[in-house]
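S.K.: Listed here are the chains, written in short residue letters.
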Amino acid sequence: MTPEFRHVLSSLRAHRVPALLVIFEIALACAVLCNAVFMIGQRMSDMHLPNAIDEQGIVVVSMRGGDAAGAAGSVPRDLEALRSIAGVQAAGSVTSVPLDNNGQNDAFGTSPDARMEDAASVTLEYSFLGEGADKALGLHLLQGRFFTAEEYANSSLRPELMPRSHVAIITQSLAQRIWPGQSAIGKVMYSKPLWYTVVGVIADVLCSNDAVRSGGDRGFYYGAFFPIDPAGSVGAFSPANPQTNYVLRSLPAERDRVLGEAVRRLKQLNPAAVIQAKRFTDVRDQYFADNASVAITLAVICVIMLLVTAFGIVGLTSFWVRQRRRQIGIRRAIGASRRQVVYYFQTENFLLSTIGVMLGMALAFGINLYLMQHYQMQHMPWYYLPAGALTLWLLGQLAVLGPALRAAQVPPMVATRAA
Amino acid sequence: MFSYYLNLALRSLRRNIVLTSLMVSSLALGVGSCICMLTVLRLLAGDPLPGLSAHIFFPEIDPQPATGYVPGQAKPMDAFTYVDAMNLLRTRKAHRQSAVSGFKAKIVPQSGNLDPFFTNGVMATADFFPMFGVPFRYGSGWSRSDDDGAVPVVVIADYVNDKLFGGVDSVGRMVRIGERDFRVVGVLRHWAPQPRFYSGGGYGQGDGVFLPLQSALAAGMSTQYFDCYVQGDQRDLRTAPCVWLGVWLQLDSEADAQTYQAFLTHYVGQQIRQGRFVRSDVALLGLTTWLRDEQMVPEDVRQLTRLAFGFLLICVVNTVGLLLAKCLRRAREIGVRRALGASRATIFAQFMVEAGIIGLAGGVLGLAFAQLGLWAIRHEPAEYAPLAHLDVRMFAMTFAIALVSSLVAGMLPAWRACRISPAIQVKEG
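In the order they appear, the protein sequences are chains A and B.
The letter at position 318 of the first sequence is residue 318 when you use the UniProt record's numbering, and the numbering goes up by one with no holes.
The letter at position 215 of the second sequence is residue 215 when you use the UniProt record's numbering, and the numbering goes up by one with no holes.
Next up, chain B with everything else stripped away, as it sits in the complex:
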């Protein structure tokens, strides 16, 4: 039966090539632009740590002075002073915890004729690697005693290892960063969370070097971003009234999170009693909430995605209109089929098959349009642009969107068609 409908549908579509191609291309344009925008949105707003993000938390406290403070309405600061970060880390109240900051690392190659170059660097404490599930090709992260002893060790990314050591196991070799030598203890496999949420955001190939926080500070490295809440001595960020460290926690259950929240409140209370703090607001945000809170995803992309869906809606309405026009035109054919014994369900099915074919064709063409669009996006100067590739899920989604759109679009005409009464049409003919 289905093959018969298929045959009928193909015949009918062939009969009016112009109209068919209008329907297919209109649907394809809508689907194509939607997929393009969704791909970019998923790239930018996806989960940076699939499978782990549910257990990753970011605490917030507020060291700002009393000026302008309205209890309960203030938003805690989104980073930590060195003092508070170290206090929290020392208590080890979470399953894992790390203080993290981004910096610009100047790598000075010691062999060959490579020029010095800059790469994104991370200064962090030992738990960073197990907490974020960072995969290693060679070696491993550093230990807590390396943290405490400010031992000059470094973990390098795969692409830095390729550049400096030709991709071989470089554990034990030295890398010069700034003016100091650091011993390689680990080489990563490809690891590039999008965005780089733990070090100021941004997209791309991930960070190049990872240093123990204390070792980096001992070598005079300084964070990229800091935010001072009062005027004060800023020469040493360890004592400055400035926030610049992120504290990341792994809390494995809801109960753990509640316990930590209570601990934060207790900590802030303690600081208030000591006269260090005035404000008592605390927050404990899950990674996804935190990403939204920090508005890490460019608002532009959300706007464009909404617009693309508006456009898809227009394309669907357009297809409904054209299918309907086609069905009205075929009233007589339907009348004859009904008179010859076809049931309403049969006519409905026949029209839905026809709509489905248009959907599939729209999907294939939409895929081509999406590829074209993504190709154009990859040539944009934006940071995330080179990462915009169609993945398997988006590929499947293209067909799903196209098919669902066309079936929805086909519903009304099919329903109209199956209600055509046989007698009148035959008589008129």
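This is chain A alone, in the form it adopts within the complex:
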């Protein structure tokens, strides 16, 4: 081991510049790899956030620009038509569904004097549920209850465009954020002059609003639902351009047929409206589409980068081998085995890689710190560094194997010939 190392070191000293280049290349590749894989990881984990609704069974039909004057009566009529489609288990109207970027946000506090603009108020994303929408979405109740028929019926809109009834259902994460360690049921949240009593806590449902998501570790889940009487509120948000979303739930196998049938029936009932239908899975995919394409681009760049680095190592080592044919021959002639020759090149590469990945890990850490300071980048967990280092170590050993085996084929005879 020791003599081998000494050989390697003295030979490297003779080829300082190429050796430095290999080290530099490995360091750079290691730094870029760690950061890129970290970025991929962040995006993948966002994409796989759980969402406690029946994602596979839901179809969302949005109806825009229908007849504003007649809209009040049209919602119950439309719902009746939708519920009679074979395979529909539940249907309801909502102002927005999770991840459709249509959710609204407001801020609430815990004291009766709390105002939305108070720093202590928690920003949450909300949407309004019409009767039956809780079942249609498949919200999962953990504590308390869903809204009663009476609460739905009393939920016309105040001038603030919030319901007159004073009840709300919130997610588990939001309940923990506002009332840590307590049960939220029966508690009141205030945004003067509005106040709502929490009647139910549901399993976490995803939010889409950036302002809400940045509000805490679990900001992705700071969601609330209020009841609404759809007949009394269509067009309240945009009189010239009323929009209604219907959520339909069915078995995943029947979903696509339900979607087609729902569009057909709604078109018949509302010839003036522009109707679009989507599976919820498409809503989700669309929301995360940018994440997905960035992750794929990053992955492609990483793979190509590793290939280029490997080519570089193969190229440089091959030339080293050719250049040192005579030395290899001499070593073989004085008794070195083929294994030892291979081992020699592997040791050399191991040494260079080690220095490279050490520098690379430091560089990766530095880049991460810089990005954290200047851009919205999170702290990279430590294990990305050794993982990146290990990858480049293995890559180096793999890349050097070919040239090293060729070196082992150099016959001892070479030593006796003139170069």
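Bear in mind the hints are in silico, worked out from the structure with no lab data behind them.
Keep in mind it's a predicted model, so treat the numbers as computed, not measured.
The beta carbon of each residue, even a glycine, is placed where N, CA and C say it ideally should be.
Incorrect hints may have been included.
Which bits of chain B does chain A cover? Going by a derived footprint, with three or more residues having C-beta under 8 Å, they are [claimed, not checked]: (1) 56–68; (2) 95–109; (3) 191–199; (4) 304–310.
Here are some of the chain B residues that sit facing chain A, going by a computed Cβ distance under 10 Å [stated by the list, open to error]: (5) Leu19; (6) Leu29; (7) Ser33; (8) Phe117; (9) Lys326; (10) Ala376; (11) Glu380.
For this one, chain A is given, so just place chain B on it according to the hints.
M.R.: This is chain B only, laid out in the frame that chain A set:
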């Protein structure tokens, strides 16, 4: 002399095809991915109004209540209430000014069998068109008196004109938007600033219809985005405590900008004395500063561009290594040439020519890789994806990057090569 170097370089490159192709393809991959990302970055972060943006400004004031206010540390709001926007517009202190908001417009075609469809709409005041240099194919924008009288007129984009009227001069014809008819006064040529900075951002083919603000409000149209800073009556956005209008100004000189800034401060002071405002912070941002401030460019793209440059650096280091290996191998040839009278400069030049050829080849191949990459990007679901095309400047840039990279990469080996002393090499041989 140059052709001789060229001949030597080509010979040398041919002698080791594997190594040459490794160098060329490594460089090409780096250059290709860089160009891809730069093209996308330029598309997203470029100047939305080339030639005009230096004179376009966005004022900001802060109608929020005193709660949590730390003077000097608060950021003014990035939009206006209806009341403040109208106040600023009425004073006409800038060369041109317009209050702008985006909305979703439902177009109901009156002829043929076209279904109703939605398009992005803009509600604005008359100066919008001359201020942003919007080009017209037919007709023109509307007048200030159309603004004041809430006259139901509309300017439509070329693609809407194509769809509704088959591309003919449709000035004077009617377009039904929502439930009202609007008379066409102008048809645009292609106009699609990237991003659509004046109406909430986003990329694509530009807005489809433009209505006078008052006419749109009279017809019951409502903005797409609004942000309320206190609870209050939101049923009518003209009186609601919500910001939803952008105010854009054309200020032609630094002095004008300073005058306007002073006017803003004066205006806010006035509002504070009247008890409408508490916060005194104001800002007057140029268009490019405002774009950065609003973080309109997706951060992802910046990250990817930085990564691509990191990758290019790796590729350059790689090429340096391979060129160096090649040069070490050719020590004897260089020794012989030096012994036969070639100067150091000659050897240096010869190696640089060789590096240059690799750079050009890398550029050509990089161009192919970039096209491949952009083709893949165009098939992504992102909003800007269909716009990702290589333009002439990026085309030139590809070669520049490839050539500079390879010449930089070639410098070290060339320098090493020219320092090889003739005697030793010849002797050893």
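S.K.: Which numbered hints does this structure break?
M.R.: Checked against the structure, the only hint that fails is number 3, while the rest are satisfied.
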